[in-house]
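There are 4 protein chains.
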Amino acid sequence: MNYHQYKACIDACLACAALCNHCASSCTQENDVTMMAECIRLDMECAATCYVTAQLLSLGSDLAKDITRLCAEICTRCADECSKHDNEHCRECADACRKCAEACKAV
Amino acid sequence: MNYHQYKACIDACLACAALCNHCASSCTQENDVTMMAECIRLDMECAATCYVTAQLLSLGSDLAKDITRLCAEICTRCADECSKHDNEHCRECADACRKCAEACKAV
Amino acid sequence: MNYHQYKACIDACLACAALCNHCASSCTQENDVTMMAECIRLDMECAATCYVTAQLLSLGSDLAKDITRLCAEICTRCADECSKHDNEHCRECADACRKCAEACKAV
Amino acid sequence: MNYHQYKACIDACLACAALCNHCASSCTQENDVTMMAECIRLDMECAATCYVTAQLLSLGSDLAKDITRLCAEICTRCADECSKHDNEHCRECADACRKCAEACKAV
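Residue numbers (the working numbering), protein chains in the order written: chain A, 3 to 109; chain B, 3 to 109; chain C, 3 to 109; chain D, 3 to 109.
Some clues are possibly wrong.
[To be verified] Straight-line C-alpha distance at most 25 Å; calculated SDA-like pairs for lysine to any residue:
(1) K9/B to D64/A
(2) K67/B to E94/C
(3) K9/A to K86/D
(4) K67/B to R100/C
(5) K67/B to A10/B
(6) K101/D to L65/A
(7) K101/A to R71/A
(8) K67/C to R79/B
(9) K67/C to E40/B
(10) K9/D to D97/C
(11) K107/B to M37/B
(12) K107/B to D97/C
(13) K86/A to K107/C
(14) K67/B to R71/C
(15) K86/B to D68/A
(16) K107/D to D68/A
(17) K107/B to D64/B
(18) K67/A to Y5/A
(19) K9/A to R100/B
(20) K67/C to R93/B
(21) K86/D to L65/A
(22) K86/D to M37/B
(23) K101/C to A66/B
(24) K9/D to A108/D
(25) K9/D to K67/C
(26) K86/B to M37/D
(27) K101/A to D68/A
(28) K101/A to D64/D
(29) K67/A to A39/D
(30) K86/B to Q31/D
(31) K107/C to D82/C
These are calculated hints, taken from the structure and not from any lab test.
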């Protein structure tokens, strides 16, 4: 597999990383940040993992299967948490996380 | 400015980061890697800078202007170097770097 | 300047990135997370900027001066915010941020 | 486990990431870069993986075991490749990779 075959997954990971960063930052500006604590924490983990997954796939790494398995796991957890909150940034993030988890599983 | 207003620049940065990683890795598989040395080096710098720019814009950072100025600079250098080489990955990377430099200047 | 001449700054950036990530995560576990919102936000920006600074210095980038100037700026902001809070993670983070800002200015 | 219990592993990951970036960049400046191609490629993968491992451990992620297993694997591959080359940057990098692999296995 090379970059172009992985492109759908790379794109999903990068979109997810950006929306996780945006969600984490937006969560800190909600009225009740305590309620968003777990969401912020998972957003940070998910952004980091999605970006390294995109990076390893872009580099053509042999570890594609391992990192996408891990990325799907954290994306699913982050999507589940985001789904509990009724903010636009959480909805967008949950959607990106689910798409990314699917794309990772397809690798 | 917030995430959605920056979205075009964030997308350009992320696309550029992925193509820089792909170009760096592909350069190491060319017949004459010595000729690609500067390209690999700039790809690595550019990928790192593009990703942090996307990250700071996604986070809504006050440093948006400073980081996009720096990112436009490194993207232009990387595009100039990639343009010297007639490989598909260099052409794709040069194109993404120029688009990212434009998007960064527009911020 | 090369890697070994930059080593003190690289080490300060990496130590600061780790403590910013730790502080951000620990802030989400405080009783009143709303009070920690700005701290979390700056921790995320500072961690991202410190890591890319370490990366560009490790790569021997020509942009060392520009990125260290930006990094010193965000480290100072993060240190100022962390100094407002009386948690161990905030104190450790403020200390690492100040050391990193100094090391960046010395480059 | 928290940040302070993971500190030895976080430090080993960060030191390894910096030396992998330095090794990759230095490899591109050797006389025969073609001979260093695999080393550059693995350095890039290893730097990315080490940094995300440090980040997830600093954040207190539940995925510590999974990411350290992956990190130990890529560090071992990178150390094996670096050990084939008689440059100072490769020796330093191989040493940092082996220490990081050990620290990851200890988590």
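Hint by hint, here is what the structure shows:
Between K9/B and D64/A the CA atoms are separated by roughly 32 Å; this puts the pair beyond 25 Å, and the hint is violated. Of the pairs offered as hints, the one joining K67/B and E94/C is violated, with about 29 Å between alpha carbons and a cut-off of 25 Å exceeded. At most 25 Å may separate the alpha-carbon atoms for a hinted pair to count; K9/A and K86/D exceed this at roughly 33 Å. Taking the CA atoms of K67/B and R100/C, the gap is about 23 Å. The hint holds against a cut of 25 Å.
A hinted pair counts as satisfied when its Cα atoms are at most 25 Å apart, and K67/B with A10/B qualifies at roughly 15 Å. This hinted pair checks out: K101/D and L65/A have alpha carbons roughly 20 Å apart, not beyond 25 Å. Distance hint between K101/A and R71/A is fulfilled; the C-alpha atoms sit about 14 Å from each other, no more than 25 Å. Simply put, K67/C and R79/B have alpha-carbon atoms about 16 Å apart, close enough for the 25 Å limit, and the pair holds.
The suggested pairing of K67/C with E40/B holds, with an alpha-carbon distance near 20 Å, which does not exceed 25 Å. Restraint check for K9/D and D97/C: satisfied, since their Cα atoms lie roughly 17 Å apart, inside the 25 Å limit. Distance check on the hinted pair: K107/B and M37/B sit about 30 Å apart at the alpha-carbon level, beyond 25 Å; violated. With a CA separation close to 35 Å, the supplied pair K107/B and D97/C exceeds the 25 Å bound.
As the CA atoms of K86/A and K107/C are separated by approximately 44 Å, the hinted pair breaks the 25 Å bound. Straight-line distance between C-alpha atoms of K67/B and R71/C comes to about 13 Å, which keeps the hinted pair within the 25 Å bound. Taking the CA atoms of K86/B and D68/A, the gap is near 36 Å; set against the 25 Å cutoff, the hint is violated. With a C-alpha separation of about 16 Å, the suggested pair K107/D and D68/A falls inside the 25 Å cut-off, and the hint holds.
Our distance criterion of 25 Å between C-alpha atoms is met by K107/B and D64/B, whose separation comes to about 16 Å. For the proposed pair K67/A and Y5/A, the alpha carbon gap of about 14 Å is at most 25 Å, so the pair holds. Restraint check for K9/A and R100/B: the C-alpha separation of about 20 Å stays at or below 25 Å, so the hint holds. Under the criterion of a C-alpha separation no larger than 25 Å, the hint pairing K67/C with R93/B is inconsistent with the structure, at around 29 Å.
Under the criterion of a C-alpha separation no larger than 25 Å, the hint pairing K86/D with L65/A is consistent with the structure, at around 22 Å. A C-alpha spacing of about 22 Å is found between K86/D and M37/B, which places the hinted pair at or below 25 Å, so the restraint holds. Restraint check: the Cα-Cα separation between K101/C and A66/B comes to about 24 Å, which is no more than 25 Å; the hinted pair holds. Proximity of K9/D to A108/D is assessed by CA-CA distance (about 12 Å); at most 25 Å being required, the pair is judged to hold.
Taking the CA atoms of K9/D and K67/C, the gap is about 30 Å. The hint is violated against a cut of 25 Å. Among the hinted pairs, K86/B with M37/D is consistent with the structure: their alpha-carbon atoms are about 22 Å apart, no more than 25 Å. Restraint check for K101/A and D68/A: the C-alpha separation of about 18 Å stays at or below 25 Å, so the hint holds. Distance hint between K101/A and D64/D is fulfilled; the C-alpha atoms sit about 22 Å from each other, no more than 25 Å.
Restraint check for K67/A and A39/D: the C-alpha separation of about 23 Å stays at or below 25 Å, so the hint holds. The suggested pairing of K86/B with Q31/D holds, with an alpha-carbon distance near 18 Å, which does not exceed 25 Å. Our distance criterion of 25 Å between C-alpha atoms is met by K107/C and D82/C, whose separation comes to about 17 Å.
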